[in-house]
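Build the full structure now, drawing on both the sequences and the hints.
Listed in order, the protein sequences are those of chains Z and G.
Residues in the first sequence are numbered from 9 upward in steps of one, following the numbering used here.
Residues in the second sequence are numbered from 9 upward in steps of one, following the numbering used here.
It is possible that some hints are incorrect.
Because identical chains cannot be distinguished in the list, a pair is counted as satisfied if it fits within a single copy or across any two copies.
Heads up, simulated SDA-like pairs for lysine to any residue below, C-alpha to C-alpha not over 25 Å straight-line [unchecked claim]:
1. Lys83 <-> Leu281
2. Lys199 <-> Tyr13
3. Lys83 <-> Pro11
4. Lys83 <-> Glu200
5. Lys199 <-> Gly86
6. Lys199 <-> Asp40
7. Lys83 <-> Lys197
8. Lys197 <-> Gly87
9. Lys199 <-> Phe41
10. Lys83 <-> Phe132
11. Lys199 <-> His39
12. Lys83 <-> Met201
13. Lys83 <-> Pro58
14. Lys244 <-> Gly108
15. Lys83 <-> Glu133
16. Lys199 <-> Gly87
17. Lys197 <-> Ser66
18. Lys199 <-> Pro11
19. Lys107 <-> Asp38
20. Lys83 <-> Gly108
21. Lys83 <-> Ala195
22. Lys62 <-> Gln218
23. Lys62 <-> Asn10
By construction, these hints were calculated from the structure, which means they are not laboratory data.
There are 2 protein chains.
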Amino acid sequence: MNPSYIARCAQLAMILEVSATPKPGNVDRDHDFVDIKYEHFLASAIGVRPVFEKAAMSDNNVGSLIREAVEESAKWSGGKNTHFGTFLLIMPLIMATGKGDVCAASEIVQKTTVEDAIEFYKAFECVDVYLGKVEDLSVKDATSIDEIGRRGLALYDIMQISAERDGIAQEWVHGFSRTLAGARMLAEKVKEMSMNNAIVYTYLTLLAEQPDTLVQRKFGSSVAEEVSRKASTMLKDWDINTIRQFDDELIRRRINPGTTADIVAASLFVHLLEGCNEIA
Amino acid sequence: MNPSYIARCAQLAMILEVSATPKPGNVDRDHDFVDIKYEHFLASAIGVRPVFEKAAMSDNNVGSLIREAVEESAKWSGGKNTHFGTFLLIMPLIMATGKGDVCAASEIVQKTTVEDAIEFYKAFECVDVYLGKVEDLSVKDATSIDEIGRRGLALYDIMQISAERDGIAQEWVHGFSRTLAGARMLAEKVKEMSMNNAIVYTYLTLLAEQPDTLVQRKFGSSVAEEVSRKASTMLKDWDINTIRQFDDELIRRRINPGTTADIVAASLFVHLLEGCNEIA
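The structure is reproduced here in structure tokens:
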């Protein structure tokens, strides 16, 4: 697969993900957040392309590619953090696809270096990310970079430390299993519903299966579990209006399951790669 | 300006144009047509990028670049005609920008050849375009291509013949004046309203100023003039709900001022080039 095609699949995945509505709690084509708009996501997905194309031709330097993607995205979206989590998840998938097999993403993340970890930490300088800290390695603290070097932590090590509290780090250390499951679900669902609804369905399924870790960090486990329980009821009795009410409620409470949305974007990328880039 | 940047501005222009809502009578983020969806437009804008980048490095072959754009776009959007008019309008602007001055687009179109005309006619083989015919040169009739060669018609000659009944051909022969006026209006309006509303305002202004030629061809002059009169009343008393009702009415009557939307996409491209690619 050529790098240009791979990059375009990744961009379209990001654009379809943010466009799908209603996607409870997240920015979609029908509503913005107070500080970040639908258009910021569109601009970010368009702007980041050269970095994706470079990634599709590379099998190392994940850390600097993520930093470059965050920087390029911020340039096009007025400095907003639109896709930090998505880049962290999608970059090894793009690189693996460039090598010929999306499933090789696990090998790529396992061979990351201390340099990758340092570059990843530098990416936080561009945008405001709600992450808290990895043990004592706060992303807000410049001394963390020295500490990473001193302790010889590779980016994969940092993801291992973070896996319990971060759904994307979990994907890195668990073979991107939820991303790939999401791709399989999309492939099934587009046979029986529109692409928009297949995305909403996949999002709710992933959310029901596992509490969103961004919600967990911001609001605690019981709120994250409550959201997942509600997502699961939406799936049992599929009704767009009920889903819309759930969306309204989460937006009102400012609860955004952003990690689940990141995984859906990555699932869409894998799905589109399989020749499904003609939108049904 | 580098070709990658130029191509991304053109893509983002197309995506912002189709996303802006309510844009009376056209596909937008809130409604599809029966046979063509919002997602088809997104996929087309993502897919076409390599052709745009090539165009930004070229100062001839407008005809084959348009044909290639139509083909690539169709591949990504399930064979739908999403952006035929936009490509015809935006391609010389991209090429001129690549040469350093968007205003050089007039020179580019004036030096088109018979080969450009033939390539342009070939583009109609990919998608279904509502165009009728240029004098006796029907796009549905394969003998037209021989006839173009026999009569030695350059693509610019064909646009001169079509200018009276086609708003995009008119742009080709009148120095892209409405496109540039639209870009100036966008630059003004984004100072006082959101990007979405600035696009809607510019669309309504262009529609009020001149009846849409696609509407004219499909429904006749009096309907096209009625639509323009209504657009002008929307501008006098700016109210999104009234504009939404106007949108509902046109959608119900299947009246789509598509040529005006194409011009807005081109205006957005010129606007974004001027460093305004950070979405306010």
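Taking the earlier hints as the rules, which of them does this structure contradict? Those not satisfied are hints 14, 17, 18, 19 and 22.
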